[in-house]
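Numbering (UniProt numbering), first residue to last: 1 to 224.
Simulated from the structure, these hints should not be mistaken for lab results.
No experiment lies behind these values; they were computed from the predicted model shown.
Glycine residues also receive a C-beta, built at the ideal position from the N, C-alpha and C atoms.
Take the hints with a grain of salt, since some may be wrong.
Derived pair list, reagent style DSS-like, types lysine-lysine, alpha-carbon separation capped at 30 Å [as the list claims (entries may be wrong)]:
1. K198 - K180
2. K199 - K180
3. K59 - K69
4. K66 - K10
Beta-carbon label-pair distances, calculated as ranges [claimed, not checked]:
5. S163 - A197: 41 to 51 Å
6. K10 - E80: 28 to 38 Å
7. R176 - Q55: 25 to 35 Å
8. R168 - D17: 24 to 34 Å
9. Q55 - K184: 36 to 46 Å
10. G53 - R209: 25 to 35 Å
11. S163 - E204: 25 to 35 Å
12. G42 - E178: 41 to 51 Å
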Amino acid sequence: MNSSLQTPDKLAGQLDDCLPQTQCTQCGYTGCLPYAQAMAAGQADLNRCPPGGEQTMLKLANLLNKPPKPIDPSCGITLERHVAVIEPEHCIGCTLCIKACPVDAIVGSSKRRHAVIAELCTGCELCIPPCPVDCIDMLLMPAHANWTTEQAHAARARMHRRSERLVRQKSEQSARLESKAIQKLDGLSESMDPDAAKKKAIIEAALARARARRQQGNSTESKP
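Generate the whole structure from the sequences, applying the supplied hints.
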């Protein structure tokens with residue numbers, strides 16, 4: 001299919017479907033979809049996905065009607081899928097790896113040992129840098145070496161659900177903080193504290209800034 005006859009959004013979606021959805025950022029973009037969008041816009045080459053390897057590159061070349069290229073070595077090398085494994089005896093339960101995982105493949109809670117769900121791990125390695133005790137290794141497990149299109153699309157769905165959850169949690173936290181600030185204002189209105197007016201002004205200014213940021217965020221999200 002001639003890519004020049006498609007809209008950039010449609011082409012980006014088709015390119016994204018070809019990518020392994022590891023969200024590893026080795027391509028230089030923040031995830032698979034941003035990379036696909038850059039390719040659709042003619043701003044990125046088709047050979048920047050080491051996890052996808054030659055097979056993915058050929059699919060991208062076909063969609064873009066461009067000649068195949070070897071994987072760009074500056075992005076990394078293509079390896080069989082490795083899975084993150086956490087050494088339980090060294091894990092301190094800091095949750096930093098959980099926060100870093102783009103597809104919710106790590107389970108655990110604060111100050112409790114964490115574990116990786118091997119079949120969900122994309123092998124992106126993003127959990128390794130934030131670990132303060134260096135207790136995460138990438139291992140080749142034959143049972144999990146293959147990465148199918150179905151697994152890739154499932155990983156993408158988990159990433160979207162995670163993103164939606166984080167946005168919702170941020171909104172809920174902002175609402176709680178705003179409620180506390182309003183209660184503080186109400187208390188100051190009845191206070192005999194000589195600095196009450198000054199404190200009220202500080203809190204009201206903080207509330208105004210928070211509301212402005214929220215309004216700006218809502219405006220940005222509503223744009224097509």
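List of violated hint numbers, smallest to largest: Of the numbered hints given earlier, those the structure breaks are 7, 9 and 10, listed in rising order.
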